[in-house]
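The listed protein sequences correspond, in order, to chains A and B. Numbering follows our numbering, with no gaps: position 15 of the first sequence is 15. Quick note, our numbering runs 341 ahead of the 1-based positions in the second sequence.
Each hint should be verified, as a subset may be incorrect.
As the list claims (entries may be wrong) - With a straight-line cut-off of 25 Å between C-alpha atoms, the simulated SDA-like cross-links for lysine to any residue are:
1. Lys-621/B x Asp-93/A
2. Lys-625/B x Arg-323/A
3. Lys-232/A x Leu-643/B
4. Lys-625/B x Gly-321/A
5. Lys-842/B x Val-859/B
6. Lys-377/B x Glu-94/A
7. Lys-621/B x Gly-321/A
8. Lys-652/B x Ala-261/A
9. Lys-746/B x Ser-685/B
10. Lys-621/B x Thr-71/A
11. Lys-652/B x Arg-231/A
12. Lys-621/B x Glu-294/A
13. Lys-662/B x Arg-320/A
14. Lys-625/B x Ala-65/A
15. Lys-625/B x Pro-237/A
16. Lys-232/A x Lys-652/B
17. Lys-662/B x Glu-294/A
18. Lys-621/B x Val-136/A
19. Lys-662/B x Arg-231/A
20. Lys-621/B x Ala-89/A
21. Lys-810/B x Gln-756/B
22. Lys-662/B x Gln-325/A
23. Lys-618/B x Gly-321/A
24. Lys-621/B x Asp-209/A
25. Lys-625/B x Asp-209/A
26. Lys-662/B x Gly-321/A
27. Lys-842/B x Glu-721/B
28. Lys-662/B x Leu-316/A
29. Lys-232/A x Pro-582/B
30. Lys-232/A x Thr-642/B
31. Lys-621/B x Ala-65/A
32. Lys-652/B x Val-136/A
33. Lys-232/A x Gln-649/B
34. Lys-232/A x Glu-644/B
35. Lys-45/A x Glu-629/B
36. Lys-377/B x Asp-93/A
37. Lys-652/B x Gly-641/B
Calculated from the structure, these hints are not laboratory results.
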Amino acid sequence: MYDIRIEPFGETFDCGEDETILAAALRNRRYLRYGCKHGGCGTCKVQVLDGDVEITASNFALPPAERDAGTILVCQSYPVEDCILDVGAMNLDEDEFRRGDATTSRAMTVESVTALTHDIRRLVLRHTPDGSLPFVAGQFVNVTVPGTTAQRSYSMANGSADIDRIELICKVLPGGLFSGWLTDTAAPGDPVEVSGPFGALAVRLSHRDLVMVAGGSGLAPLLSMLIDLSRKGCERPISLFFGARTAADLYVTEEIAALAADLPLTFVPVVQLPDANWAGATGLVTDALAAARESWSSSDAYLCGPPGMIDAARDLLVARGVRPQNVYFDAFVSTGETAGV
Amino acid sequence: MPSLVQAHDRVKAVEWTPSYVEHQPRYPTRYKLPRKTKDPFRTLVREYLTMEQEKDDRQYGGFEDVLSRTARSSDADLGWLEGLKLALPIVVYAEYGAEKCQSMLVDTVDNAELRAGYLAQAMDERRHLNQQMYLLRHFAKNAADPAGFDRGMKVRGDNIFARAGRVCFDNFYVNDPIECAISLQVIGETAYTNPLFVALTQVAALNGDHATPGVFLSIQSDEARHMANGYATLATVLSEPDNLPMLQQDFDRSFWKQHVFLDPLISVLFDYFGRGKMNKCYYKLWEEWVADDWVGNYIGTLEPFGLQVPKYFGEAAERLKWSGHTAAMVAAASWPLHYWRWPSMTPQHMEWMENQYPGWYDIYGQFWEAFSCLEDPSMEMIPLQGLSQRPFFCRTCALPCVFPKIDESTERVRQYNGRNHAFCSNACEEIFCQQPERYEATILWDELWDGTSLEEFVVTRDLLRADGKTLIAQPHTRDDSHMWTVDDVARLNFEITDPIKDVKDAPELVKQPDGTLVLKTDELVGTGA
Numbered sequence: 001m002y003d004i005r006i007e008p009f010g011e012t013f014d015c016g017e018d019e020t021i022l023a024a025a026l027r028n029r030r031y032l033r034y035g036c037k038h039g040g041c042g043t044c045k046v047q048v049l050d051g052d053v054e055i056t057a058s059n060f061a062l063p064p065a066e067r068d069a070g071t072i073l074v075c076q077s078y079p080v081e082d083c084i085l086d087v088g089a090m091n092l093d094e095d096e097f098r099r100g101d102a103t104t105s106r107a108m109t110v111e112s113v114t115a116l117t118h119d120i121r122r123l124v125l126r127h128t129p130d131g132s133l134p135f136v137a138g139q140f141v142n143v144t145v146p147g148t149t150a151q152r153s154y155s156m157a158n159g160s161a162d163i164d165r166i167e168l169i170c171k172v173l174p175g176g177l178f179s180g181w182l183t184d185t186a187a188p189g190d191p192v193e194v195s196g197p198f199g200a201l202a203v204r205l206s207h208r209d210l211v212m213v214a215g216g217s218g219l220a221p222l223l224s225m226l227i228d229l230s231r232k233g234c235e236r237p238i239s240l241f242f243g244a245r246t247a248a249d250l251y252v253t254e255e256i257a258a259l260a261a262d263l264p265l266t267f268v269p270v271v272q273l274p275d276a277n278w279a280g281a282t283g284l285v286t287d288a289l290a291a292a293r294e295s296w297s298s299s300d301a302y303l304c305g306p307p308g309m310i311d312a313a314r315d316l317l318v319a320r321g322v323r324p325q326n327v328y329f330d331a332f333v334s335t336g337e338t339a340g341v
Numbered sequence: 342m343p344s345l346v347q348a349h350d351r352v353k354a355v356e357w358t359p360s361y362v363e364h365q366p367r368y369p370t371r372y373k374l375p376r377k378t379k380d381p382f383r384t385l386v387r388e389y390l391t392m393e394q395e396k397d398d399r400q401y402g403g404f405e406d407v408l409s410r411t412a413r414s415s416d417a418d419l420g421w422l423e424g425l426k427l428a429l430p431i432v433v434y435a436e437y438g439a440e441k442c443q444s445m446l447v448d449t450v451d452n453a454e455l456r457a458g459y460l461a462q463a464m465d466e467r468r469h470l471n472q473q474m475y476l477l478r479h480f481a482k483n484a485a486d487p488a489g490f491d492r493g494m495k496v497r498g499d500n501i502f503a504r505a506g507r508v509c510f511d512n513f514y515v516n517d518p519i520e521c522a523i524s525l526q527v528i529g530e531t532a533y534t535n536p537l538f539v540a541l542t543q544v545a546a547l548n549g550d551h552a553t554p555g556v557f558l559s560i561q562s563d564e565a566r567h568m569a570n571g572y573a574t575l576a577t578v579l580s581e582p583d584n585l586p587m588l589q590q591d592f593d594r595s596f597w598k599q600h601v602f603l604d605p606l607i608s609v610l611f612d613y614f615g616r617g618k619m620n621k622c623y624y625k626l627w628e629e630w631v632a633d634d635w636v637g638n639y640i641g642t643l644e645p646f647g648l649q650v651p652k653y654f655g656e657a658a659e660r661l662k663w664s665g666h667t668a669a670m671v672a673a674a675s676w677p678l679h680y681w682r683w684p685s686m687t688p689q690h691m692e693w694m695e696n697q698y699p700g701w702y703d704i705y706g707q708f709w710e711a712f713s714c715l716e717d718p719s720m721e722m723i724p725l726q727g728l729s730q731r732p733f734f735c736r737t738c739a740l741p742c743v744f745p746k747i748d749e750s751t752e753r754v755r756q757y758n759g760r761n762h763a764f765c766s767n768a769c770e771e772i773f774c775q776q777p778e779r780y781e782a783t784i785l786w787d788e789l790w791d792g793t794s795l796e797e798f799v800v801t802r803d804l805l806r807a808d809g810k811t812l813i814a815q816p817h818t819r820d821d822s823h824m825w826t827v828d829d830v831a832r833l834n835f836e837i838t839d840p841i842k843d844v845k846d847a848p849e850l851v852k853q854p855d856g857t858l859v860l861k862t863d864e865l866v867g868t869g870a
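I would like the entire structure built from these sequences, with the hints used as guidance.
Encoded structure:
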């Protein structure tokens with residue numbers, strides 16, 4: 001057993017050698033913010049002030065520079081000696097920390113499953129009398145795959161004002177556990193267990209413009225943000241770049257066009273393999289981003305999609321003037337992928 | 342013996358307001374405030390003062406035992422200390438305003454929890470005022486060139502920039518007490534004390550100044566609690582939805598009035614008197630601490646209750662890229678009017694500026710090259726004489742209308758109540774139009790000294806050193822062989838003038854039934870004159 005001291009609260013709890021620091025905190029009835037629990041979301045980042053930890057392979061959400069500066073993900077870190085951690089970046093107040101894990105788990109029912117493209121589904125889940133699950137646009141939930149104990153993380157794609165339901169956009173992966181249930185089994189009325197909300201991705205209050213970049217099913221949290229921004233009467237100019245392999249892989253474009261009527265929104269769908277009928281931007285989504293403006297220095301960036309797209313978009317936007325700390329992202333990493341990342 | 346928590350609850354239960362007499366606040370507020378909220382300090386005043394006493398003992402002990410005996414302050418960078426001559430008398434006034442603000446709040450806010458926090462803060466503000474006065478005294482006794490440290494408090498009301506500082510910090514205790522709390526606790530202390538007391542501490546240390554960091558960090562250790570007071574005040578106000586429209590307008594106005602003075606001031610201290618020793622310029626720190634942390638985190642948590650980014654925040658961010666440089670240039674050009682010296686810029690410092698603010702040299706480099714050529718009194722010229730036209734002063738913020746850049750001004754002139762009024766920006770004009778009676782009577786620096794010769798100003802304002810001849814201000818920090826005297830100033834034959842009185846036919850502002858002003862013509866507020 002090792003002692004883990006948590007600053008700024010000055011409290012110490014014990015943690016076993018084979019126990020993650022997050023698991024130890026929750027076992028000791030203390031709360032640290034967390035999300036996917038597999039190193040993919042970055043919600044549980046903290047700073048090591050003293051001591052050392054062993055980090056498992058799944059550490060995607062931690063850029064090398066942050067890792068070098070002593071940041072760890074507590075869901076993937078096992079202590080190898082006594083540690084002192086600073087959780088200041090989690091913006092936890094003392095009451096939240098001492099209250100323990102108040103994350104809710106809710107029974108919901110399937111309302112509908114709609115095919116948006118050949119491999120993208122919109123799953124609408126309705127709340128039961130068990131209670132609602134308030135969230136902030138950009139957050140995600142963990143859905144337990146029915147009939148198993150496995151969980152999958154999906155961002156909400158609807159506005160946070162919808163108190164009766166959540167909408168998820170799910171990519172169908174061949175042979176995937178959740179994908180199999182979604183395509184073969186799920187039917188209206190089926191019960192599903194959902195926990196959350198998790199994640200720190202949210203539109204930050206700022207005077208700057210917004211540039212959003214989405215790839216694949218990564219549009220979900222950005223769509224949720226746009227709906228909320230529209231409801232609030234946002235006046236900040238927004239540019240949304242949505243990349244897909246072919247024109248047939250684009251989805252909800254009419255919904256985005258409708259949002260553009262109420263928002264100062266420029267929508268740029270980008271297709272990698274255009275057919276003869278495609279008249280829009282082509283190439284990688286980062287090509288369109290580069291062609292659109294020489295400087296993005298007056299913008300905050302929100303990215304969601306595959307890790308490769310996020311890395312490329314982040315590098316490009318930072319090179320074109322976005323401050324690194326104003327790039328907010330949520331990587332779409334399938335559970336199967338994280339082990340090797 | 343009750344526990345601290347029990348004792349605290351008992352103190353709060355006293356509620357302060359006697360039942361046998363109806364309390365009439367001397368400073369009424371327009372806001373609705375619930376009587377029960379959460380005490381932001383969570384400590385007894387008794388315990389609190391014991392803690393603060395210990396901080397004071399350590400600090401003053403350090404001054405007397407170490408700094409004075411080792412004469413370390415005489416080794417500090419001369420240019421940096423000149424910046425402290427400028428700043429400390431202004432910041433002292435802010436502390437004074439802050440203490441008055443707490444007294445008003447204690448009288449007005451009928452909420453025992455909040456009042457406990459305000460009372461403790463009032464003690465803090467008095468402590469800070471004493472600490473900064475002690476720092477001035479320390480430098481007056483120990484700095485290599487103490488002239489100015491001994492005079493700043495006396496002459497600050499007659500100085501172009503310190504006078505505008507007074508206009509800025511008046512907002513801590515003039516108008517509705519809750520608006521004052523927003524100006525002080527939510528904006529002054531939460532947005533700006535980190536740049537002022539933390540960033541400048543680093544600059545001081547890098548410039549060999551070992552006295553200022555001790556004082557500033559001791560002060561900043563209290564500011565976190567003042568921020569908590571501001572948050573508690575805001576949260577209390579927002580718990581009554583009727584308050585929101587009024588709050589947003591007060592918030593917008595208060596932000597601009599703090600920004601318009603504090604950003605150029607801190608920027609000048611940081612980027613110019615800091616001598617280019619930091620690895621980041623003020624603008625970059627502002628983006629981090631004010632735009633990301635203050636707006637993104639602090640105000641962001643209140644967004645769900647309806648609070649929005651201050652209306653003029655984007656304009657402030659845009660203006661900030663150059664406003665500090667413009668303020669530095671104007672302050673240096675008018676150097677004989679001040680109670681501090683202007684250090685000339687080294688080539689390394691200029692290179693730092695260009696790296697931090699790409700394009701800086703093209704706009705400001707030539708001025709600083711020319712400035713260094715006019716250091717010696719034998720040149721018989723000050724840069725102010727080279728200006729084709731003297732700038733007007735803004736009726737709202739009391740600063741010269743030179744922002745954001747001397748070649749890109751947003752100045753405009755209006756007529757109201759038979760007088761001309763200049764405004765430096767859309768925001769300052771809008772704020773004037775919202776409450777003309779609040780600003781109309783402000784006597785601006787150039788109105789006060791119109792027709793006065795530079796020589797007379799320097800002599801009557803006591804801007805001379807102990808020999809009665811040599812100016813406190815100098816356009817360099819070099820040795821004494823090139824010091825300007827009052828005779829050199831007399832030879833310049835320079836007169837202070839108020840150019841706005843000669844402006845004819847400026848567009849007229851007229852009063853509407855609700856007391857606010859609009860342009861008489863169809864022109865929109867915000868168009869240039």
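Status of the hints after comparison with the structure:
1. Lys-621/B x Asp-93/A: Given that 25 Å is the threshold and the Cα spacing comes to 31 Å, the pair is violated.
2. Lys-625/B x Arg-323/A: Since the Cα atoms of Lys-625/B and Arg-323/A sit roughly 10 Å apart, the hinted pair holds (cutoff 25 Å).
3. Lys-232/A x Leu-643/B: 14 Å, holds
4. Lys-625/B x Gly-321/A: 12 Å, holds
5. Lys-842/B x Val-859/B: 21 Å, holds
6. Lys-377/B x Glu-94/A: OK: Lys-377/B and Glu-94/A at ~21 Å, within 25 Å.
7. Lys-621/B x Gly-321/A: Status holds; Cα separation ~16 Å.
8. Lys-652/B x Ala-261/A: The hint holds at about 23 Å.
9. Lys-746/B x Ser-685/B: 21 Å, holds
10. Lys-621/B x Thr-71/A: Satisfied, since the Cα-Cα distance of roughly 23 Å is no more than 25 Å.
11. Lys-652/B x Arg-231/A: 19 Å, holds
12. Lys-621/B x Glu-294/A: 24 Å, holds
13. Lys-662/B x Arg-320/A: 18 Å, holds
14. Lys-625/B x Ala-65/A: 20 Å, holds
15. Lys-625/B x Pro-237/A: 23 Å, holds
16. Lys-232/A x Lys-652/B: Holds. Lys-232/A to Lys-652/B sits at ~15 Å (cutoff 25 Å).
17. Lys-662/B x Glu-294/A: 19 Å, holds
18. Lys-621/B x Val-136/A: Given pair Lys-621/B, Val-136/A is violated - Cα atoms ~34 Å apart, limit 25 Å.
19. Lys-662/B x Arg-231/A: 33 Å, violated
20. Lys-621/B x Ala-89/A: Judged against 25 Å, a Cα distance of about 22 Å means the pair holds.
21. Lys-810/B x Gln-756/B: Violated: Lys-810/B and Gln-756/B sit about 42 Å apart, past 25 Å.
22. Lys-662/B x Gln-325/A: 19 Å, holds
23. Lys-618/B x Gly-321/A: Status holds; Cα separation ~24 Å.
24. Lys-621/B x Asp-209/A: 24 Å, holds
25. Lys-625/B x Asp-209/A: The hint holds at about 18 Å.
26. Lys-662/B x Gly-321/A: 15 Å, holds
27. Lys-842/B x Glu-721/B: Violated. Lys-842/B to Glu-721/B sits at ~29 Å, over the 25 Å cutoff.
28. Lys-662/B x Leu-316/A: Within the cut-off at roughly 24 Å; holds.
29. Lys-232/A x Pro-582/B: 17 Å, holds
30. Lys-232/A x Thr-642/B: With a Cα-Cα distance of about 15 Å, the restraint between Lys-232/A and Thr-642/B holds, given a limit of 25 Å.
31. Lys-621/B x Ala-65/A: 19 Å, holds
32. Lys-652/B x Val-136/A: Given that 25 Å is the threshold and the Cα spacing comes to 24 Å, the pair holds.
33. Lys-232/A x Gln-649/B: 10 Å, holds
34. Lys-232/A x Glu-644/B: 10 Å, holds
35. Lys-45/A x Glu-629/B: 20 Å, holds
36. Lys-377/B x Asp-93/A: Distance ~21 Å between Lys-377/B and Asp-93/A Cα, so the pair holds.
37. Lys-652/B x Gly-641/B: 15 Å, holds
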